[in-house]
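> Sequence:
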Amino acid sequence: MDWLLEPFQMGFQQRALVGGLIAVVMCSVVGTWLVLRGMSFFGDAFVHGVLPGIALAVVTGGSPHLGAAVAAVVMMAGISLVHRATTLKEDTAIGLLFVGMMALGVVIISTSDSYTGSLTSILFGDVLGVSVDGIVTQAVIAVVVIALALLLYRPLLALSFSEVKARSLGMRPGLTHTLLLVMIGAAVIGSFQAVGTVLVFGLLVGPPATAALLTRSVPQMMLVSVVIGAACVVTGLTLSYRLGTAGSATMALMPILLFFVVLAVRAAVLAILGRHVRSRAQREQEAPVSALPGAEAR
Numbered sequence: 012m013d014w015l016l017e018p019f020q021m022g023f024q025q026r027a028l029v030g031g032l033i034a035v036v037m038c039s040v041v042g043t044w045l046v047l048r049g050m051s052f053f054g055d056a057f058v059h060g061v062l063p064g065i066a067l068a069v070v071t072g073g074s075p076h077l078g079a080a081v082a083a084v085v086m087m088a089g090i091s092l093v094h095r096a097t098t099l100k101e102d103t104a105i106g107l108l109f110v111g112m113m114a115l116g117v118v119i120i121s122t123s124d125s126y127t128g129s130l131t132s133i134l135f136g137d138v139l140g141v142s143v144d145g146i147v148t149q150a151v152i153a154v155v156v157i158a159l160a161l162l163l164y165r166p167l168l169a170l171s172f173s174e175v176k177a178r179s180l181g182m183r184p185g186l187t188h189t190l191l192l193v194m195i196g197a198a199v200i201g202s203f204q205a206v207g208t209v210l211v212f213g214l215l216v217g218p219p220a221t222a223a224l225l226t227r228s229v230p231q232m233m234l235v236s237v238v239i240g241a242a243c244v245v246t247g248l249t250l251s252y253r254l255g256t257a258g259s260a261t262m263a264l265m266p267i268l269l270f271f272v273v274l275a276v277r278a279a280v281l282a283i284l285g286r287h288v289r290s291r292a293q294r295e296q297e298a299p300v301s302a303l304p305g306a307e308a309r
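Our numbering puts the first residue of the sequence shown at 12, with every later residue one more than the last.
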């Protein structure tokens, strides 16, 4: 037990733990809908889309959270503009802005005197540098994300089945989709300091994807996702402390590794159960034949 508790006796590790757990809650709630709706690419695009805003804030000494928020709004507006003003599909607009926004962010941060350090911190985070003020900001954003998730539960559930279904129930799928994009942006903004703009995608998709393999309902999926994410944060921070590896990267790697472990175990269990069911069905088919009069003589 000391092996697990010792890393969290220091203040910066405790703040890293709290920041990571808050990020997990936000990412699990939002990530559940991304996985269910097949919108993981949206999440990845937003992860890179906020980079210019954060980079500009770092260079000018402004607020990274405010810069990320402005960049997220620009990202959403750009996706909407390309989708409505052309015949191109939404994923094409996302792909264009994905590359463009990330490239712009790197160009902006390259003007900084501490180019390498600033870029590394933005892309891969600095979980051990999470401050009390940063945690407070995270908590406020998390409350907003959870409140939106509760208000939009039924519309998002209907939209996950089909847009036609949602509209037939008197809902507004377009508005629901836009608000989901807002939730994605908020989750990314609230989590980037803990794990960076690139690695936040691991928390956004990893735990929900793993939970999807183990659950049958949306509430269960969200709850299991939070539990998985929390376990990954604790494990990642502990391993980074013991092995001397990057905290943010180790923490973001855990849910990806866990997903493939669960996937392999699940496939093995299903294969064993499948063989058992087929064997039982075969025995049941053979039993009536052997019970017929004269079956033994034949």
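Worth flagging that the hints you see were computed from the coordinates, not collected in a lab.
Cβ coordinates follow ideal geometry from the N, Cα and C atoms, glycine included.
Accuracy of the hints is not assured; some may be wrong.
What the hints assert, rightly or not - Simulated restraints on C-beta separations:
id	residue 1	residue 2	range
1	SER173	GLY140	17 to 23 angstroms
2	VAL175	ARG253	33 to 39 angstroms
3	LEU254	SER121	28 to 34 angstroms
4	VAL70	ASP144	47 to 53 angstroms
5	THR103	ARG253	43 to 49 angstroms
6	ALA88	ALA114	14 to 20 angstroms
7	GLY285	VAL154	44 to 50 angstroms
> If a hint holds in the structure, say so; if it doesn't, say that too.
Results of checking the hints against the structure:
Range check, SER173 to GLY140: Cβ separation about 44 angstroms, and the 17 to 23 angstroms hint is violated. Between VAL175 and ARG253, the C-beta spacing of about 52 angstroms breaks the proposed range 33 to 39 angstroms. One distance hint, 28 to 34 angstroms for the beta-carbon pair LEU254 and SER121, holds here, with the actual separation near 31 angstroms. Checking the proposed 47 to 53 angstroms range against VAL70 and ASP144 shows it is violated: the Cβ atoms sit about 21 angstroms from each other.
Judged by the Cβ atoms, the range 43 to 49 angstroms given for THR103 and ARG253 holds: they are separated by roughly 45 angstroms. Here the CB-CB span from ALA88 to ALA114 is close to 18 angstroms, well matched to the stated 14 to 20 angstroms. For GLY285 paired with VAL154, a C-beta distance near 45 angstroms keeps the hint of 44 to 50 angstroms intact.
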